[in-house]
Structures are given as C-alpha cells and as structure tokens.
Amino acid sequence: MPVEALARDLQNTPVSLFLQSQAPWLWPLSETLHFIGLALLIGTTGFFDLRLLGFMKRVPLTVARQFMPLALCGFGLNLTTGILFFLALPSQYVVSWAWWGKVAFLLVAGSNAIFFETTQGARVLAIGAGDDTPLTFKVVGAVSLVAWFAVLYFGRMLPFFAEIR
Amino acid sequence: MAFLEWLQHLPIFVTIAESGSIWGYPTILVLHTAGFALVVGSALVVNARLLGLGRLAPLSAFGPLFPIMWAGFTVNAVSGFILFAIAATVKAFQAIFWIKLSLIAMALGVTVPIVRIVKGAGEQGVVPARGRMLAVVSLVTWTGAIVAGRLMAYIK
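Residue numbers (the numbering used here), protein chains in the order written: chain A, 2 to 166; chain B, 29 to 184.
It should be emphasised that the hints constitute simulated quantities derived from the structure, not laboratory data.
On a predicted model such as this, the values are computed, not experimentally measured, just so you know.
Heads up, the beta-carbon is just placed ideally off N, CA and C, and yes, glycines get one too.
Heads up, some of the hints might be wrong.
[Claimed, not checked] Calculated pairs, DSBU-like style, for lysine-lysine (alpha carbon to alpha carbon, straight line, at most 35 Å):
id, chain 1, residue 1, chain 2, residue 2
1, B, Lys147, A, Lys58
2, A, Lys139, B, Lys147
3, A, Lys139, A, Lys58
[As the list claims (entries may be wrong)] Stretch by stretch, here's where chain A covers chain B in the computed footprint (C-beta under 8 Å, at least three residues):
id, segment
4, 75-88
5, 129-138
6, 164-178
Use the sequences and the hints to build the structure in full.
As structure tokens, then:
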C-alpha cells in the first residue's frame with residue numbers, strides 16, 4: 002500500500018523522531034488535553050445540536066450559538082494534539098480501520114457544520130425563545146450528534162480495531 | 029484482598045477482560061468515554077452559563093441538561109465499576125485511582141447545590157456569587173478527574 006510507505010518515510014523525519022523521543026511526558030500530556038478538548042467540543046456542540054433538534058426551547062438559538070467559541074477551542078485543542086499523535090507514529094494510524102473511520106466522520110461533522118454556517122447561519126436569528134426549528138436544522142443537529150459520537154467511538158477504538166490488510 | 033480476588037475472578041469479569049472480543053473490554057471503555065462526554069460536557073455548559081456566557085437565556089432554561097448529566101453518570105458508574113472489577117487487585121492499590129474517585133466525589137458534591145441554584149432561578153438571568161464560585165470548583169474538580177483518569181494508564 003503506497004500510503005503505508007509514505008507513512009514509514011514520514012515516521013523517520015526529524016519532527017517525528019523528536020516527538021517519539023519526547024514520548025514519556027508528551028504522550029500523556031497530549032492525551033489529557035485531547036480528553037479535555039473532547040468534553041469541550043461534545044459538550045457545547047451537543048448542547049447546540051439539542052437546540053437545533055428542538056429541545057431546550059427556552060434558550061434562543063442565538064444564545065446557544067454563543068457557546069460555539071468553546072467548541073472551537075476544544076476542536077483546536079484536539080486537532081493540534083491529534084496531529085501530534087499522527088506525526089509521531091503515522092504508520093500506526095494509516096493501517097487502522099478505526100483511524101480511517103474517525104477521519105471519515107470528522108469530515109462528515111466538519112462539512113455538516115460548514116454547510117450550516119454558510120447556508121443557514123442567517124436563519125438562526127429568527128429562532129427565539131420558545132420557537133421550534135425548521136426541518137433542515139433538525140437534520141443538521143442529528144447528523145452532528147451522530148457524527149461526533151462516531152468520532153469518539155472510532156477514536157476510543159483505535160487500539161482495538163484490526164489492521165487493514 | 030480476598031474480596032478483590034473474588035471480584036476480579038467472577039466469571040463475568042474474567043470474560044469481559046479476556047474474551048478478546050470487540051464487545052468486551054473495548055466496548056466498556058467506549059461507554060465510559062461516551063458517558064464522560066455527557067457528564068463533563070453538560071457540566072461545562074452549565075458552568076459556562078453560571079460564569080456569564082449566554083446570560084440572555086434564563087438560568088433555569090439550562091435545567092434539562094441535568095438529566096443528561098445523570099444519565100451519563102449512571103453509564104459511568106456501571107462501566108467504571110466493571111473497569112475496576114476486571115483489575116481490582118491492581119486498581120485498589122493505585123493512589124491515582126483513589127485521587128480520581130475523590131475528585132469525582134467533590135465534583136458531584138458541588139453539582140448538588142448547582143442543580144438547586146439553576147432550578148430555583150425561575151425566569152431571572154442573574155447568577156448569585158455563590159453560583160459562580162461553585163462553577164469554578166466544578167470546572168477544577170472535573171478537569172482534575174480527567175487528568176487523574178488519564179494518568180491511571182501511566183502511573184502504576
């Protein structure tokens with residue numbers, strides 16, 4: 002598999018070798034930050050998704066959206082630490098079904114969020130306290146919830162899924 | 029010790045630990061992580077509101093997050109007990125495990141008055157100073173529990 006050869010080469014670059022040499026403290030620290038980022042990201046997007054689905058109607062949608070900078074913080078934290086994990090041991094990840102599953106659902110969650118912000122953003126203002134949400138919002142909320150928990154599932158399953166052969 | 033040995037060698041826990049099936053140990057870990065996301069995720073949102081984010085919505089409007097928190101906590105109490113049981117003779121002597129449990133107990137301890145403040149707030153948006161202090165303690169203790177939980181894999 003060409004991607005495997007590429008990962009092997011990448012694993013021997015100075016950056017990767019440096020990260021591997023710092024592993025005793027860098028790995029636990031990054032994992033801890035990755036878990037904190039997870040709670041920030043799923044907590045705040047999950048809350049926004051529930052409002053998109055029509056739950057917690059007493060919260061105006063614009064107010065629920067004020068929590069999204071926290072989600073971005075969590076995402077930034079997890080993207081940074083995630084890239085670090087990957088750079089340190091790329092050949093461990095590219096051969097894993099779980100890793101590709103995680104990447105696939107990250108793309109689903111990401112494009113879903115981008116779709117919402119670019120095409121539906123203006124309609125958020127109209128959803129005040131007590132208002133129900135349109136069907137598009139409900140679909141976006143459901144896709145987001147499923148996708149982020151799928152990312153969590155495949156991430157936690159990384160050490161256990163079979164290798165691609 | 030005899031009790032820990034007995035617990036760890038119960039057929040159900042031996043099966044979970046040693047089956048090698050994706051539905052055994054890995055699934056318990058996934059449940060523990062998902063439950064953690066529900067508990068700490070909702071706690072974060074409530075605490076952010078107590079600290080002033082989203083103050084245009086009434087404080088009590090965040091009350092529906094508590095059932096989610098308790099559901100996540102139930103999942104984690106059960107999955108956490110199983111994770112303890114399958115390695116009871118080791119975990120019971122890990123200081124970091126008891127530190128994690130103490131931090132969770134403290135976090136739960138501040139959640140009780142937080143629930144009371146949120147539910148009792150009615151239509152008002154103002155948070156009493158005590159609410160902000162409890163939110164800070166909640167954030168610190170949950171973060172501490174995350175750190176301790178992760179370190180359990182490293183500090184034997």
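Structure-based check of all given hints:
1. Lys147/B x Lys58/A: holds (16 Å)
2. Lys139/A x Lys147/B: Holds, at about 27 Å.
3. Lys139/A x Lys58/A: At roughly 13 Å apart (the allowed maximum being 35 Å), lysine 58/A and lysine 139/A satisfy the hint.
4. 75-88: It holds: at least three residues are needed, and the segment 75-88 of chain B offers 7 whose Cβ sits within less than 8 Å of chain A.
5. 129-138: Since 0 is below three, the answer is violated.
6. 164-178: holds (count 6)
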